[in-house]
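Residue numbers (the working numbering), protein chains in the order written: chain G, 1 to 241; chain L, 1001 to 1323.
Since the hints were derived computationally from the structure, they do not count as laboratory data. Any given hint could be a false lead.
[Unchecked claim] Which chain G residues face chain L? A few, computed with CB under 10 Å, are given here: (1) Ser52; (2) Ala74; (3) Arg79; (4) Glu99.
[Claimed, not checked] No farther apart than 30 Å at their CA atoms in a straight line, the calculated lysine-lysine pairs in the DSBU-like style are these: (5) G:Lys137 - L:Lys1252; (6) G:Lys90 - G:Lys219; (7) G:Lys90 - L:Lys1143; (8) G:Lys90 - G:Lys137; (9) G:Lys71 - G:Lys219; (10) L:Lys1309 - G:Lys71; (11) L:Lys1252 - L:Lys1106; (12) G:Lys90 - G:Lys71; (13) G:Lys71 - L:Lys1106; (14) L:Lys1309 - G:Lys90; (15) G:Lys137 - L:Lys1143; (16) L:Lys1106 - L:Lys1143.
[Unchecked claim] So, partial list: chain G residues that the calculated Cβ filter (under 8 Å) puts toward chain L: (17) Leu72; (18) Gly81; (19) Arg84; (20) Lys90; (21) Phe92; (22) Ser94; (23) Met95; (24) Leu102; (25) Glu106; (26) Phe107; (27) Ala108; (28) Phe123; (29) Ala158; (30) Phe185.
Note that this is a predicted model, so its numbers are computed, not measured. Don't be surprised by glycine CBs; every beta carbon is placed ideally from N, CA and C.
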Amino acid sequence: MSAPLLDVRNITKSFGGFVALNDVSIHLAPGERLGLIGPNGSGKTTMINCVSGALFNDGGAIVFEGRDITKLPAYRRARLGIARSFQIPKPFRSMTVIENLLVPLEFAAWTRIDHGRINEEAFDILERIGLADLAHKNCGDLTQIDMRKLELARALAARPNLLISDEAMAGLSSEEVDEVLEILFTLNEGGVAVIMIEHIMRAVMRYSERIVVLDAGRKIAEGPPDDIVHNPDVERAYLGE
Amino acid sequence: MGRFWLGATGVFMAGLLFTGAVDNEFYFFSGYVILQGLIMATAWNILGGFTGYVNFGSAGFFAVGAYISVALHQALALPLPFLILASGMVCGLMGLATGYLTLRLKGIYFAISTLAMAIVLETVITNWEYVGGASGAYILTPKDSLFFASYVELLFMVMLIIAIAAVAFARYLSTSRTGKGLTAIRDDELAAECMGVPTLRLKLVSATAMGVFMGMAGAPFPFFITFVDPLSAFSLFIAVNAIAMPLIGGTKVWYGPVIGALILGLTQEITTVTISSELNLLIVGVVLIGFITLAPGGIVGLVQDFSRKRLRSKAAPSAGGDR
Chain G
1 MSAPLLDVRN
11 ITKSFGGFVA
21 LNDVSIHLAP
31 GERLGLIGPN
41 GSGKTTMINC
51 VSGALFNDGG
61 AIVFEGRDIT
71 KLPAYRRARL
81 GIARSFQIPK
91 PFRSMTVIEN
101 LLVPLEFAAW
111 TRIDHGRINE
121 EAFDILERIG
131 LADLAHKNCG
141 DLTQIDMRKL
151 ELARALAARP
161 NLLISDEAMA
171 GLSSEEVDEV
181 LEILFTLNEG
191 GVAVIMIEHI
201 MRAVMRYSER
211 IVVLDAGRKI
221 AEGPPDDIVH
231 NPDVERAYLG
241 E
Chain L
1001 MGRFWLGATG
1011 VFMAGLLFTG
1021 AVDNEFYFFS
1031 GYVILQGLIM
1041 ATAWNILGGF
1051 TGYVNFGSAG
1061 FFAVGAYISV
1071 ALHQALALPL
1081 PFLILASGMV
1091 CGLMGLATGY
1101 LTLRLKGIYF
1111 AISTLAMAIV
1121 LETVITNWEY
1131 VGGASGAYIL
1141 TPKDSLFFAS
1151 YVELLFMVML
1161 IIAIAAVAFA
1171 RYLSTSRTGK
1181 GLTAIRDDEL
1191 AAECMGVPTL
1201 RLKLVSATAM
1211 GVFMGMAGAP
1221 FPFFITFVDP
1231 LSAFSLFIAV
1241 NAIAMPLIGG
1251 TKVWYGPVIG
1261 ALILGLTQEI
1271 TTVTISSELN
1281 LLIVGVVLIG
1291 FITLAPGGIV
1301 GLVQDFSRKR
1311 LRSKAAPSAG
1321 GDR
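Build the full structure now, drawing on both the sequences and the hints.
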C-alpha cells in the first residue's frame, strides 16, 4: 500500500461531557474517494472540523503527507493542501463570485501559483464548475445550487490535494445532485482525493470507493459500498434494533 | 494611484493656502476638530469596518495618545513630531497587546471587552499623578509656530498631514492582499481561515494600525486645548464621533469615514455657531439612529444601491426587447 495522504490516528474530541469522537482512525490514499456517513450527531462534521483545523482534537494525531499537522492552525493546513466546503454555504457575502475565489488563490495557494495569472486561474475554475456566467454577480444573489457550486469552486481555488465536501448536495434536486457528482468526479480525476460527507445514499454509494461509517462518535464499519449496505451494524445504527 | 496622490497634494496645498489667506482662528479650531474626527474615524474603520470588529473602546487610545504626549512633553520637552510618533508607537503596541487578548472574542463579547478596556484606561490615567491625575494638566502653547501666523494654524496643518497619512494607509490597506484577507474575515471568519487566511495575524495588524492612528490623533490634542483632564480626553463626544462618522459615511470602503467625518463634522461645527454647542451630541445621536435603521451601508451604501437600481432598470427593458 502506498503511503497515505491523510492518516487520522485514534483521535478523540469532547465538548464538555459529550464525547463527539471516540478513538477514531481514518486513512486515505492519494487520489482516493472516501465516503463518510453516519446518522445525525455521529461525529462526521466534528471529524472534518478536526482534520481541517476548525477544531483541535483532544487526543490522537493527524498526519497529512507524512507531516504531523495536529497542532497546526486551519490556515496552515489550507496552505498544505487541505480544502473544505461547508455544510451551510459560507460565501464571502460582500464579494462577487470571482472575488470569492481570489481569497483562497491569494492565501491558501499563494506560494504554489503564478501570481500574474490568478484572475485567469479563478476564471478557469469557474468555467470548470459552470459558474463562469455569474463571475461578476454578487454572491448574495445566487441560487441554492449555484451557492453549493461556489463552495466547491472556492475550495478548489485553494489548490487542494484533499477536498472535504461537507454535504455539498443537501437540499438539491436529483438532477442537481448528478451535476455536483459530475463535478466531484472530474475533480478526482485531476488527482484530488475527496472525503465526501453525505446523507444522500445514492450519491455517496455511487461516488465512494470506500466508506467509513460513524455512529455516536465511534467508527462502526469500513469497507467498499456494497459491503456497507449489507452490514448489520450499519443497519442497526440507521434504523435501530 | 496617481489620482489619489494628486488629490492628496491638492488638499495639502489648499490647507497651506488656507492658513496663508485666512486670519480668523475660529476656522482653524473648527478644521482641527473635523480633521481629528476624520483621523479617528479612519482609524476606527480599519478594525471596525474593514475587519468587522466593532470596537467601543478605541477612543481610549486617543486619550492615551494625548497623555503620552503630555508625559513626554513634561519629561523631555520633545518637539511635537516626536510626540506624535511616540504616541503612535505606544498606542500601536497597546492595540497589538489588547488585540491579542480580546480578538479571540466574537461580536458582542468583543465589543463589551473593548468598552471595559476603555474604562480601565481611564482609571489608570485618572490615577497617574505625573500627568495631573483627576485634576488635569496645563500645557503651555509653544511660542514658536514656524512660519504660521498662530500655533493653531500649525496644529491644523499637522492634523492635515496625519489625516492624509491615515487615509492613504487605509486606502493602501483596503486594496492590498491583506485588505482582501480582512474583508474575508469580516464576511466569514471560519471560511477565511479555511481558505488560508491567517486570521489572528491579520486581525492583529488591523488592531495595531487602529492603535497607531488613534494615538497619533491624540498626541496634538493637549496643545490644542491647552488643558487636558480625563474628562476631556475620554469625552463621550469624541468617542461617539469616531464610531458615528464611519457608520454614516460607510464602513466598507476607505473613503466612507472621510465622507462621514466631513458631513458630520461640518454639521456639528455649523450648529455650534448657529444654534448651540449643546445640540451637537443630540445631532450625532439622531443622525446615527437614522442611518443605522434606514441606511446601514452609510452614504456610500446608499449611492451604490441607487446606481445598482438604475443599472438594473436600464438593463431590464433592453434585455426584454432582445427576446
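Against the structure, the hints come out as follows:
no.	hint	result
1	Ser52	6 Å, holds
2	Ala74	4 Å, holds
3	Arg79	5 Å, holds
4	Glu99	8 Å, holds
5	G:Lys137 - L:Lys1252	18 Å, holds
6	G:Lys90 - G:Lys219	28 Å, holds
7	G:Lys90 - L:Lys1143	59 Å, violated
8	G:Lys90 - G:Lys137	16 Å, holds
9	G:Lys71 - G:Lys219	23 Å, holds
10	L:Lys1309 - G:Lys71	49 Å, violated
11	L:Lys1252 - L:Lys1106	19 Å, holds
12	G:Lys90 - G:Lys71	24 Å, holds
13	G:Lys71 - L:Lys1106	22 Å, holds
14	L:Lys1309 - G:Lys90	26 Å, holds
15	G:Lys137 - L:Lys1143	59 Å, violated
16	L:Lys1106 - L:Lys1143	48 Å, violated
17	Leu72	12 Å, violated
18	Gly81	10 Å, violated
19	Arg84	6 Å, holds
20	Lys90	4 Å, holds
21	Phe92	4 Å, holds
22	Ser94	6 Å, holds
23	Met95	7 Å, holds
24	Leu102	7 Å, holds
25	Glu106	5 Å, holds
26	Phe107	4 Å, holds
27	Ala108	3 Å, holds
28	Phe123	17 Å, violated
29	Ala158	6 Å, holds
30	Phe185	23 Å, violated
Consistency with the previously given hints fails for numbers 7, 10, 15, 16, 17, 18, 28, 30, ordered from lowest to highest.
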